[in-house]
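Asks: Which chain is which? The protein sequence lines are A and B, in order. Take the first sequence: its position 252, counting from 1, is numbered 289 in the working numbering, and each next residue is one higher. Take the second sequence: its position 32, counting from 1, is numbered 39 in the working numbering, and each next residue is one higher.
Calculated directly from the structure, the hints in this document are not laboratory data. Check before you lean on any hint, since a few could be wrong.
In silico BS3-like links for lysine-lysine, alpha-carbon gap of 30 Å or less [unchecked claim]:
no., chain 1, residue 1, chain 2, residue 2
1, A, Lys137, A, Lys216
2, A, Lys170, A, Lys190
3, B, Lys108, A, Lys216
4, A, Lys137, B, Lys142
5, A, Lys230, A, Lys190
6, B, Lys105, B, Lys192
7, A, Lys240, A, Lys137
8, A, Lys137, A, Lys170
9, B, Lys192, A, Lys170
10, B, Lys105, A, Lys137
11, A, Lys190, B, Lys192
12, A, Lys190, A, Lys233
13, A, Lys233, A, Lys216
14, A, Lys240, A, Lys230
15, A, Lys137, A, Lys190
Under 8 Å between C-beta atoms, here's a sample of chain A residues computed to sit facing chain B [what the hints assert, rightly or not]:
no., residue
16, Ala113
17, Phe115
18, Pro134
19, Phe136
20, Asn141
21, Phe144
22, Ala148
23, Phe150
24, Phe161
25, Leu166
26, Pro213
27, Gln214
Listed next, with one range per pair, are the computed distances between beta-carbon atoms [what the hints assert, rightly or not]:
no., chain 1, residue 1, chain 2, residue 2, range
28, A, Arg84, B, Lys105, 32 to 42 Å
29, A, Tyr117, B, Ala140, 32 to 42 Å
30, A, Gly102, B, Pro200, 50 to 60 Å
31, B, Thr177, A, Arg241, 25 to 35 Å
32, B, Glu125, A, Gln214, 20 to 30 Å
33, A, Glu172, B, Lys105, 48 to 58 Å
34, A, Glu172, B, Glu125, 55 to 65 Å
35, B, Lys105, A, Glu304, 42 to 52 Å
The C-beta atom is built at its ideal place from N, Cα and C for all residues, glycine as well.
If you want the building blocks of each chain, they are given just below.
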Amino acid sequence: MQAAKLGAETSPREREGAAQEAAPVISIREVSKVFGQGVAAFTALDRVQIDIGQNEFFTLLGPSGCGKTTLLRLIAGFDYPTMGEIRLFGQDIARQPPFKRPINTVFQNYALFPHMTVGQNVGFGLEMLGRPKAEIAGRVDEMLRLVRMEALKDRRTSEISGGQQQRVALARALAPQPKVLLLDEPLSALDYKLRKEMQIELKRLQHETGITFIFVTHDQEEALTMSDRIAVMSGGRVLQIGSAHDIYERPTERFVANFIGETNFLEGQVQGGGSVALDAGSVVPALPPEGFAPSGRVTVVIRPEHARLVPSGTAGSLAGTVSNAVYFGTDTHYHVTLGDGSEFMVRQQNSRASASHEIGAPVGVAIDEGAARMLRD
Amino acid sequence: MAKRRAPLDIKVLPGFASMAVICLLVLYVPILVLMLFSFNSGNIVTHWEGISLHWYGVALQNDEFFSAAENTMIIAVSATVIATSVATLAALGMTRVKPWKGLTAAFMVLNLPLMVPEIVTAVATLSFFALIAGKLGLNFGIGNLIIAHTVFCIPFAYMPIKARLEDMDTTLDHAAADLYAPPWKTFRRITLPLLAPGIMSGAALSFIVSFDDFTITQLVAGPGQTTLPLYIWNQIRRPMTPEINAISTILLMVSIVLVAVSFLVTLKKRR
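If we strip away everything but chain A, and leave its shape as in the complex, we get (with noise of 0.2 Å):
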């Protein structure tokens, strides 16, 4: 049992590996970023690593002042590491000026030229590269058929909305055929129902044009409903890369578990063969991050839709009582105070089925199989 499902586990790993060995198109070693001098001195990036692979849909999530806009200044070119190399394609572009490398830029104000058309804004990039106005002309058709602005080529960019500005900022960056495109905040500035469409829009053009993707975000579910891997930022390092799934279902560290999504932590004595001792009493299979070896105290993290209430008393449950209830329509919340004081949340879906619990009422908290898992601090 224990073995097949650690079997389960590392399959998508290895294939996530594989791909980055094909070819990285960005690849970010050993980068540091530090601002100012002395004991003014701020590290803006600490040893930063990560390879972005080919047509990878790749975002740097993380609260603002995590680093991930000065991340995507360096790969742009508008600053440059105080140490380490950004190679793409293999070879270190960290020292270039913007203008020389095949990479653009979604700004998260659009930064559209306000004396230019929109098609004008869109031919720039081509244009700067000396391309002949035929071939111009008919690529800024198309980047604005692409984005569907083509009514508007003529325009002034003060005279369109600001959705409108968005796709005209992406066509703009699309129409050098950049090898990699970057994107900062760019739908912080849209209202909901627009940001949820452009999110779409985003993966379709990703989808259609194979270009590699990078994307910051503070956002936490516009990172987890598009990207392929995400990188969480915290402090000016990367905390964990991995796909939405390894991101939510196994943070590695106590920041990523809290950013991403509600979350239980409960403290607990490391045991052989893999478990942990709850201070809650109970002992739970637990797996720890991968190239950790956990001993002594340690923390495990159990979402909250990986729990459920069971008759007080149950074996192998933790015994708590119901200090609250939330009802949200199609689940119901209910936090529990455990036997050490601890708190514990479980998601319940309603259905026909489930019994309600009172508050106050003892009850038992079983851990679905699998559910917990070790952190590395």
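Here the structure of chain A is known, so what remains is to put chain B in place on it, guided by the hints.
Replies: Just chain B, lined up with the frame of chain A:
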């Protein structure tokens, strides 16, 4: 709940209308009177005799007036071109670069001429030219006036250019560089076109400042270097005729046209 007070309507304040009228009268009546008497057919400035364009004819046939106008144009155009170019470079060097040591000091030095009493600048400029003429034997003729005008025009040209540059979004430069534009192309295709309204206002301002400068010009000007303001000054020391009014009105029109043009250009670019 208390009703929120509507923003104060200044027009309902007691005495607003009368104060406004008084201010407008003080500002514009003298100019209107001057313009009105330029159409006087008699030859006394303060005594109205009838309507005529006679004095405009006299002014336009006056060789001294034309020679003064020519000098004024040569000086104003040269000073404007040089001062605006210098001011543009200075503004770029103070906004589009990494902050450097002495940036604030440079800003102060550049704008100090605005604060120094003009007569002080005039005396200093005169002494300077006297010194280089005496010690080095250098005299640039009308060039002396161009240099003097350029110097006091720079801060006037600098102000609107810098304001425009500070308003400008620097990510536009990044966007251009990102789209394969090397620095000079970014400047020519993005920065300069967007800066143009600022440069236009700066040029218009320095042209007007140079055009009607009296104090510095009076002290620095050598023989045969009469400008329009100096010509008018010399005329009113003799018995005055409405010719002076006609000349002044012509000058006023030039100023108004320039200001209007620069205003319209700014308006159009901002749209």
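Asks: Out of the numbered hints, which ones does the structure contradict?
Replies: 3, 4, 27, 28, 29, 30, 32 and 33
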